[in-house]
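> Chain by chain, the residues:
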Amino acid sequence: MSCSHASIPCSLVSKQVFGSLGGLLLVRPHEPVSWKPGQFAMLFPSDSMDPLLGRPLGIASEVDGNLLFLCQRVGRGTGILLDMPVGGSIRINAPLGSPINIPKKEKGPLILLGGGFGIASLLALPAVHSTDSMIWAFRGGEEWMELARSCLDFVSIPKGCEVLLASEDGSTEFRGNGIDAMNSLDLCDATVVACGPAGMLRGVLGASKQRGFKVLLGIERRMACGLGGCLGCSIDLKGNKRARVCKEGPFFPGEDIVDDEIL
Amino acid sequence: MSCSHASIPCSLVSKQVFGSLGGLLLVRPHEPVSWKPGQFAMLFPSDSMDPLLGRPLGIASEVDGNLLFLCQRVGRGTGILLDMPVGGSIRINAPLGSPINIPKKEKGPLILLGGGFGIASLLALPAVHSTDSMIWAFRGGEEWMELARSCLDFVSIPKGCEVLLASEDGSTEFRGNGIDAMNSLDLCDATVVACGPAGMLRGVLGASKQRGFKVLLGIERRMACGLGGCLGCSIDLKGNKRARVCKEGPFFPGEDIVDDEIL
Amino acid sequence: MTKSFNSPKCNVPSVSVGPLMLGSPLVVASGIIPMDADVWSSIEGCELICSKGITLYPRKGNRGNRLWETPSGLLNSIGLENPGLDVFMDCLPNLTETGKKVALNMAFSSTEEIKRMLDLIYKRGISSLISVLELNLSCPNADGEGSIWGEDPGRTFEAVSAARDAWDGIIWAKLTPQARDIETVALSAVEAGADGLVVANTWLGAAVDIKTGLPAFDRVFAGLSGPAVLPLTIRLLFKLYGKVPVPLIASGGVCSAEDALEAIMAGASAVEIGTCLFRDMGIPKKILEGIGRFLEDRSIGSLNELVGVAHRGGHGLNRGGRGF
Amino acid sequence: MTKSFNSPKCNVPSVSVGPLMLGSPLVVASGIIPMDADVWSSIEGCELICSKGITLYPRKGNRGNRLWETPSGLLNSIGLENPGLDVFMDCLPNLTETGKKVALNMAFSSTEEIKRMLDLIYKRGISSLISVLELNLSCPNADGEGSIWGEDPGRTFEAVSAARDAWDGIIWAKLTPQARDIETVALSAVEAGADGLVVANTWLGAAVDIKTGLPAFDRVFAGLSGPAVLPLTIRLLFKLYGKVPVPLIASGGVCSAEDALEAIMAGASAVEIGTCLFRDMGIPKKILEGIGRFLEDRSIGSLNELVGVAHRGGHGLNRGGRGF
Ligand SMILES: Cc1cc2nc3c(=O)[nH]c(=O)nc-3n(C[C@H](O)[C@H](O)[C@H](O)COP(=O)(O)OP(=O)(O)OC[C@H]3O[C@@H](n4cnc5c(N)ncnc54)[C@H](O)[C@@H]3O)c2cc1C
Ligand SMILES: Cc1cc2nc3c(=O)[nH]c(=O)nc-3n(C[C@H](O)[C@H](O)[C@H](O)COP(=O)(O)OP(=O)(O)OC[C@H]3O[C@@H](n4cnc5c(N)ncnc54)[C@H](O)[C@@H]3O)c2cc1C
Ligand SMILES: Cc1cc2nc3c(=O)[nH]c(=O)nc-3n(C[C@H](O)[C@H](O)[C@H](O)COP(=O)(O)O)c2cc1C
Ligand SMILES: Cc1cc2nc3c(=O)[nH]c(=O)nc-3n(C[C@H](O)[C@H](O)[C@H](O)COP(=O)(O)O)c2cc1C
Ligand code: FES
Ligand code: FES
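Protein chains in written order, with this note's numbering: chain A, 1 to 263; chain B, 1001 to 1263; chain C, 2001 to 2324; chain D, 3001 to 3324.
Chain A with its partners taken away, still in its complex shape (with noise of 0.2 Å):
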């Protein structure tokens, strides 16, 4: 069983690659792996000492006991995970980070946003906890498409879940980037779950501060360790307290969230 970082062994038993967009990788643990929605793991895709680093990438979801993640091209890292041949090996700490801690349900709905490949720390939580509509924005395109195409084929979105796609170039059914998405939406005493680039992040939060409605931002860092110890990550909360991304995160509360620390 899986402590909380534990390290694992596991394969890479598919994979879909979406130009040089990035990809769904569906990885097989060699023991068994429980997570919540909103933990993540850290990838290395070899023995390797070069990358020295784990890559922190969300789980998104759970499909026969294999992991599927989203991963975005960026770098190095992510290029030798996308590169991969199926069959080849992986490890992965996991899982890391704390689950996303809805504020009890008063009376609004509950809102998931995710940008791009924030989408995937998201994915994972209509399924388990009542969710009105699930925004995914990003650019637009064919590779895209496919992307989000596949990926929902992946994942189980509860009737009672409206799923939105919003791109920028109108590929999809909703014209715009994902704060026009959000603002279609009521927003009343909503509760909004956002993660994505710091541009969307920022239009949230202020959005949130202006109109009264409650969020919950996904934060990312440079991470080593992934579980606390480093301080690697640790960044400013209102109120003169400090916090780890990797350990009391990703995701934290709106009203926490020093402005400047969302990069």
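Source of the hints: derived by calculation from the structure; they are not laboratory data.
All values derive from a computational prediction rather than experimental measurement.
Be careful, since some hints might not be right.
[What the hints assert, rightly or not] Listed next, the in silico DSSO-like pairs over lysine-lysine satisfying Cα-Cα at most 30 Å (straight line):
#1 A:Lys238 with A:Lys107
#2 B:Lys1209 with D:Lys3060
#3 B:Lys1015 with A:Lys15
[Claimed, not checked] Pairwise CB distance ranges (calculated):
#4 C:Gly2099 with B:Gly1176: 54 to 62 Å
#5 C:Gly2146 with D:Glu3296: 40 to 48 Å
#6 B:Asn1101 with C:Arg2293: 41 to 49 Å
#7 C:Gly2323 with B:Ile1157: 29 to 37 Å
#8 C:Lys2286 with D:Glu3112: 54 to 62 Å
#9 D:Glu3305 with B:Val1128: 55 to 63 Å
#10 A:Val74 with D:Asp3038: 39 to 47 Å
#11 D:Ser3041 with A:Gln72: 39 to 47 Å
[Unchecked claim] Which residues of chain A face chain C? A partial, calculated answer using Cβ under 10 Å:
#12 Met42
#13 Phe44
#14 Asp47
#15 Leu53
#16 Arg91
#17 Cys230
#18 Asp236
#19 Arg242
#20 Arg244
Glycine included, every Cβ here is placed at the ideal spot set by N, Cα and C.
Starting from the known structure of chain A, fit chains B, C and D with the ligands onto it as the hints suggest.
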């Protein structure tokens, strides 16, 4: 077209691994490599900087444009190569080293003697140079027998060349080590080309001095560049000369070899 | 009595590091794992754990980037973020309850601070919970314009003496590899009363973020750790072994049983494990098992026999020629 | 006129390194490639190539292991094996025929040796074939019990002065990272007449062969190179840039366009490429193309604009925030 130090991307098209012993790797170069028996390649299993250096392996054969390598499991580098899933990428610098240069044949027989994985650099010789006998000496046991069988399927040995498998445990027709097997042949005026463990090479060199036959020995050294630049592999030759194993070698005439340099 | 030192099944290589007996030569380095009893108990293969660098008062550490990956290495500029001595002392009983031994890694900007911290520990009556006092000589001192204690033999002597005066237990001086003359610094530390020398700490490096054209770190320089530095650590061990009358503890780049054996043969009596824990918290157990197998295969009864053998012609390990 | 500087198709970033104009900022480091005209002509992306370290008389170099792989690094103990100045001079015309420029990397045990070598070169009338004289300050001097020239400012001054007196061309002093105070050494080299400083050379390291229990190298210490040392090189560039009135040439760990850009932004006017050529002789071309693309994407006209920008707030590269 590959020059003497071309770096060539390849893919691993098939492999056969025999327990902890090692295995056969069939590697497809994405550009043609023109090589001769005795030459070797430096293999890089990935773009990672750890391990940093290539691993030198003799080019054993070419099958439909694929290069055959025999790879003993020794340490990290060979481990990574042997454990790579089929379809993985390998880069090679090849061809390196000087082809085996058989002294002008006078009258005696040409005998090849491979100890263990040392056979790799000799396997392609009979096809291009009239050879009387090829001895392959190994420890024996099921894994070795399977490896030898699989390997010999890949190479074409002309009819005139007798293949003698020698094993220490009697798994093969000949029981004994490489030196024993060599001594069982008529060495009068012979030329022996030997490659394998240091002990065997010392034995061959000693016998050649005593009994007056010619030898060419395959010398091994740690290598960095593989093309004569770093001088990491340079050795003393008789007559106060120096030579680079990767460039003037790896095969040297017995009369040039300083005994101490067989490590 | 130790409660539950999780030893692997095989031959456990215990060691004496001067007066300190350890069930394993492996020590968790400072700044790597959280002060969290659950994490501490879960680490197998190490008996001694160094705390995060602790200062008298809480510190927030450095702004901006704190981590930067390099080839087989890690640059960090945490800047000694820590909750301060009081919180450390609050946690201490919980941590030692796990059965692990604790080394207090102390950072300080003046000798007065050292004394005050040790005083406070005695006052709380918990000095016996601290097995080793590890003095971090890589931190800057307040006088001397923030120069690094351990770069200078005189400052090193001052710091270690201050601790020696105020502390009855074992003191390890954690040297800095930036010392211009590490041998002299090492001798000063021993003269001032250090019972062991940790060799060493992170190596100063730097990086540029080419996307911005700016230094990757606000303070430009940062500490390099991880496998990349192993050969540099081994060199320092070769330089210091036999020159000082106290045990050496390796720190820098050890990630495998082979690495640990290299460090031990080069002169280390114990080996700290840092950055590689970021990859796998299970590493110490694997290293310990690997060392156990090595000893067994060669019928070596005690790991202490291997300490420094590279200075003594390999001590009979050299069977069957050197090869290359 | 240069015959055939093989430049890649894209935007070629040429640079001026003090008085020296180079079609590429990339230089092949000393001790890496053979003195073989075929190999020289085949290297694309570098215009200047440093010779193997050349001594007055031939040297066989060190016995025993000469190479040892470390995580992302390489320890070497070649011991300056080389065929001596005469053979070098015999080869020189063939090498320059390839269209490449040559830096003579000179190793020496006394100032007399420097003078004799330069004298012999002038006597042969081939001094014009040497574009740069690179003085290897990491080699030991005969007086001073084999201490390293470049560890000491005085010795550095002596060596560079001796070369300056006897050589009209460009002199680069190749610093040693073992210098206790590299800034003072750098200033001495410049004062003595160096036109550029190579920052730096291999870092001393060591390894143990655990199979034998012996040091991996007969001389115990060996030089560490390769990607592992990149962050250490970048730190030295940060330390020296702006402190000396001559261009800096980076050497240590550069393996990619990103690495080269880091070095340039930290202050290097040119960048030597060493160990990574062992992996792929095609690397310089790829690096040059990468640098070309970087400049193009940002509409930067000349690479010289980027030199040292990390000391000047990123020089406008910093568009759209820092991120992390
Ligand atoms: C908690 C958390 C969850 C994440 N979940 C996902 C996900 O589900 N899908 C996804 O595509 N991406 C996710 N990311 C971002 C992902 O970790 C980075 O894109 C990735 O680390 C980049 O690695 P690289 O080697 O390709 O890039 P490089 O830029 O080459 O990496 C250099 C270094 O910076 C670090 N780094 C670079 N970008 C980031 C970043 N945004 N966050 C953290 N570290 C970074 C790398 O880990 C590495 O140490 C997540 C990040 C965090 C912190
Ligand atoms: C010209 C030449 C041809 C060779 N051909 C073959 C072959 O066809 N099949 C085969 O199985 N082996 C061959 N070898 C030996 C093979 O190169 C080594 O077994 C391999 O490099 C070991 O790498 P490793 O990482 O697994 O071992 P490690 O011991 O972990 O390697 C550590 C370092 O030492 C070097 N090293 C270790 N052993 C040797 C060795 N014997 N020779 C050279 N370098 C060594 C490695 O390359 C590496 O740099 C050849 C060696 C040479 C020099
Ligand atoms: C993130 C991080 C934080 C560290 N914090 C401290 C510290 O507070 N005090 C200290 O003495 N050393 C500290 N170190 C240094 C380590 O304890 C260790 O000496 C160094 O990293 C080299 O060992 P390694 O290569 O095994 O990591 C820190 C290292 C890292 C990577
Ligand atoms: C095998 C080898 C031989 C070297 N020989 C010399 C030499 O003769 N003279 C010299 O100044 N530097 C020599 N060096 C140092 C390199 O020129 C270079 O400065 C150093 O390796 C760091 O750069 P790198 O990491 O790019 O290799 C040698 C390096 C290696 C690896
Ligand atoms: S990554 Fe180490 S504390 Fe968060
Ligand atoms: S390996 Fe570099 S000269 Fe032979």
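> Looking back at the numbered hints, which does the structure fail to meet, lowest number first?
Checked against the structure, no hint fails, so every one of them is satisfied.
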